[in-house]
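Based on these hints, arrange chain B on the given structure of chain A.
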Amino acid sequence: MECAEWAEEGLLLGSCELDESRKAAYLEHLRACAPCRREAEEYEQHRSRFFTPEILGAEPSQTTSKEILRVCSCPIKKVTSAFTVFTLFRKGAVATVLVALGFFGAGYFVYMASNLPGRNAPVVNNTPNVPSPSAHDAAVPGTPPAALARTDSISTDSLKPAIKGDPAGVTPVTMEKE
Amino acid sequence: MMNLDNPNIDAADQELFDLWRKGDPQGFARLYDKYKNRVFGFLLRMTGDRERAEDIMQDSFIAAYRNIDQFDRTRSFLSWLFGIAHKRTIDYFRHIKVETEHEHDALGSIGSRIDAPDDALSNKRIQSLINEAVDALDPVQREVFLLRELGDVPFKEIAEIMRCPINTALGRMRLALKNIRKELEKRGIYGVR
Numbered sequence: 001m002e003c004a005e006w007a008e009e010g011l012l013l014g015s016c017e018l019d020e021s022r023k024a025a026y027l028e029h030l031r032a033c034a035p036c037r038r039e040a041e042e043y044e045q046h047r048s049r050f051f052t053p054e055i056l057g058a059e060p061s062q063t064t065s066k067e068i069l070r071v072c073s074c075p076i077k078k079v080t081s082a083f084t085v086f087t088l089f090r091k092g093a094v095a096t097v098l099v100a101l102g103f104f105g106a107g108y109f110v111y112m113a114s115n116l117p118g119r120n121a122p123v124v125n126n127t128p129n130v131p132s133p134s135a136h137d138a139a140v141p142g143t144p145p146a147a148l149a150r151t152d153s154i155s156t157d158s159l160k161p162a163i164k165g166d167p168a169g170v171t172p173v174t175m176e177k178e
Numbered sequence: 001m002m003n004l005d006n007p008n009i010d011a012a013d014q015e016l017f018d019l020w021r022k023g024d025p026q027g028f029a030r031l032y033d034k035y036k037n038r039v040f041g042f043l044l045r046m047t048g049d050r051e052r053a054e055d056i057m058q059d060s061f062i063a064a065y066r067n068i069d070q071f072d073r074t075r076s077f078l079s080w081l082f083g084i085a086h087k088r089t090i091d092y093f094r095h096i097k098v099e100t101e102h103e104h105d106a107l108g109s110i111g112s113r114i115d116a117p118d119d120a121l122s123n124k125r126i127q128s129l130i131n132e133a134v135d136a137l138d139p140v141q142r143e144v145f146l147l148r149e150l151g152d153v154p155f156k157e158i159a160e161i162m163r164c165p166i167n168t169a170l171g172r173m174r175l176a177l178k179n180i181r182k183e184l185e186k187r188g189i190y191g192v193r
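Protein chains in written order, with our numbering: chain A, 1 to 178; chain B, 1 to 193.
Note that these hints are calculated values from the structure, not bench results. You may find that some hints are simply not true.
[Said to hold, decoys possible] Listed next, the stretches of chain B that the computed footprint assigns to chain A, with coverage defined by at least 3 CB atoms under 8 angstroms from CB atoms of chain A:
#1 60-67
#2 153-165
[What the hints assert, rightly or not] Only pairs whose alpha carbons sit at most 20 angstroms apart, straight line, appear in this in silico SDA-like list of lysine to any residue:
#3 A/66 x B/25
#4 B/22 x B/66
#5 B/124 x A/36
#6 A/23 x A/38
#7 B/182 x B/139
#8 B/34 x B/12
#9 B/182 x A/4
#10 A/66 x B/30
#11 B/36 x B/71
#12 B/186 x A/45
#13 B/36 x A/8
#14 B/124 x B/135
#15 B/178 x A/35
#16 B/36 x A/44
#17 B/156 x A/18
#18 B/34 x A/65
#19 A/23 x B/166
#20 B/156 x A/17
#21 B/178 x A/36
#22 A/66 x B/66
#23 B/178 x B/135
#24 B/34 x A/48
#25 B/182 x A/39
#26 B/124 x A/45
#27 B/182 x A/18
#28 A/66 x B/32
#29 B/182 x A/38
#30 B/186 x A/51
#31 B/36 x A/67
#32 A/66 x B/59
#33 A/66 x B/65
#34 A/66 x B/27
#35 B/156 x A/6
#36 B/178 x A/49
#37 B/182 x A/41
#38 B/178 x A/67
#39 B/36 x A/62
#40 B/22 x A/75
Ideal Cβ positions, reconstructed from N, Cα and C, are used throughout, including at glycine.
So that you can see chain A by itself, here it is in the shape it has in the complex (with noise of 0.2 angstroms):
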């Protein structure tokens, strides 16, 4: 442009960027100079007929186009601080849940263990009235049983404590040889 003061207002008005009171100023100018002004006509001209995307852009490959497409189309997910705060108390929740249940199910398992039947009761024969093998292997031929029955048999109302759970209540046979 002959007037380099006002090659640049050209430039700047080609880009939208000038202000009302300045694009009135340059056309103006434009009036009244010739070589601005056929500069100015050459700039639009090669804009629209050569610098447009179709002489200067050019075609990527189709390989790198469906690979942009492919990344760039996915959904886009986005980590926000509220969702990692009701992610961690979720899963904070569901670990305590199962340490909870955890420690239920191991105290009901034990509980259970120690008051399984038998478990710390006596051996107790509880059938009363019949002589213990050993008792009636040791008893002299020909004696009946019922003698014996007094000495290593306990009547059933003495496993009462020990069904309730107080094995100290019970009194462990003895076994006497006649």
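Relative to the frame of chain A, chain B by itself:
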């Protein structure tokens, strides 16, 4: 469709961008189809190598995708995209450690390494002559020219992107136009009126 507040902002682009942001793949696909040739043309002329340009193009779009929340709605989408492409190109040149002299040496052979676009143009000769004239520009002049003419980036934003005063950007553009004119005159296609 132009935005009345900022004539450089295309409202249709903003709608497509919003669709993309909401996870609609059509939003991105349409933006990509609209601007892929411009971005690729810019990268091809800045790097002078088709393969490198395609790599940088992928990086640029993926960077845009990852930084989608950082898009400033007061700017145009294309301008933002060209800003990212510019940064990626600078990273590329830093990476390969090409010094200015080597860039100048490479420029002489860019024309032979750039394939002509496949688009069916009415005048392929004019196209190749224009491309040769653009490729013969000094790298900074060529960058300003392509950002402005291919990217529709306003000079104010070109100055921000290139980290220089706006008058420097305008001066480079003037020199670029002057040199293109000289090249076209040499090839006998300047008198277009």
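We went through each hint and held it up to the structure:
1. 60-67: holds (count 4)
2. 153-165: holds (count 3)
3. A/66 x B/25: 13 angstroms, holds
4. B/22 x B/66: 14 angstroms, holds
5. B/124 x A/36: 30 angstroms, violated
6. A/23 x A/38: Holds, because 17 angstroms separates the two Cα atoms, which is no more than 20 angstroms.
7. B/182 x B/139: Distance ~17 angstroms between residue 182 of chain B and residue 139 of chain B Cα, so the pair holds.
8. B/34 x B/12: 11 angstroms, holds
9. B/182 x A/4: Answer holds: residue 182 of chain B to residue 4 of chain A is near 18 angstroms, not above 20 angstroms.
10. A/66 x B/30: 13 angstroms, holds
11. B/36 x B/71: Distance of about 18 angstroms is within 20 angstroms: holds.
12. B/186 x A/45: 19 angstroms, holds
13. B/36 x A/8: 30 angstroms, violated
14. B/124 x B/135: 16 angstroms, holds
15. B/178 x A/35: Measuring from Cα to Cα gives roughly 15 angstroms; hence the hint holds.
16. B/36 x A/44: Measuring from Cα to Cα gives roughly 24 angstroms; hence the hint is violated.
17. B/156 x A/18: Satisfied, since the Cα-Cα distance of roughly 11 angstroms is no more than 20 angstroms.
18. B/34 x A/65: Judged against 20 angstroms, a Cα distance of about 12 angstroms means the pair holds.
19. A/23 x B/166: Distance ~18 angstroms between residue 23 of chain A and residue 166 of chain B Cα, so the pair holds.
20. B/156 x A/17: Holds, at roughly 8 angstroms.
21. B/178 x A/36: Between residue 178 of chain B and residue 36 of chain A the Cα gap is close to 14 angstroms, so the pair holds against 20 angstroms.
22. A/66 x B/66: Holds, at roughly 18 angstroms.
23. B/178 x B/135: 14 angstroms, holds
24. B/34 x A/48: At roughly 18 angstroms apart (the allowed maximum being 20 angstroms), residue 48 of chain A and residue 34 of chain B satisfy the hint.
25. B/182 x A/39: Holds - the C-alpha atoms of residue 39 of chain A and residue 182 of chain B are around 14 angstroms apart, at most 20 angstroms.
26. B/124 x A/45: Roughly 18 angstroms separates the two Cα atoms, so the pair holds.
27. B/182 x A/18: 28 angstroms, violated
28. A/66 x B/32: Holds, at about 11 angstroms.
29. B/182 x A/38: 16 angstroms, holds
30. B/186 x A/51: Since the Cα atoms of residue 186 of chain B and residue 51 of chain A sit roughly 18 angstroms apart, the hinted pair holds (cutoff 20 angstroms).
31. B/36 x A/67: 13 angstroms, holds
32. A/66 x B/59: 14 angstroms, holds
33. A/66 x B/65: 15 angstroms, holds
34. A/66 x B/27: Holds, at roughly 15 angstroms.
35. B/156 x A/6: Roughly 17 angstroms separates the two Cα atoms, so the pair holds.
36. B/178 x A/49: 17 angstroms, holds
37. B/182 x A/41: It holds: about 17 angstroms lies between the C-alpha atoms, which stays within 20 angstroms.
38. B/178 x A/67: Violated, because 39 angstroms separates the two Cα atoms, which is more than 20 angstroms.
39. B/36 x A/62: Holds. Residue 36 of chain B to residue 62 of chain A sits at ~11 angstroms (cutoff 20 angstroms).
40. B/22 x A/75: Holds, at roughly 8 angstroms.
In this structure, the hints that do not hold are numbers 5, 13, 16, 27, 38, in rising order.
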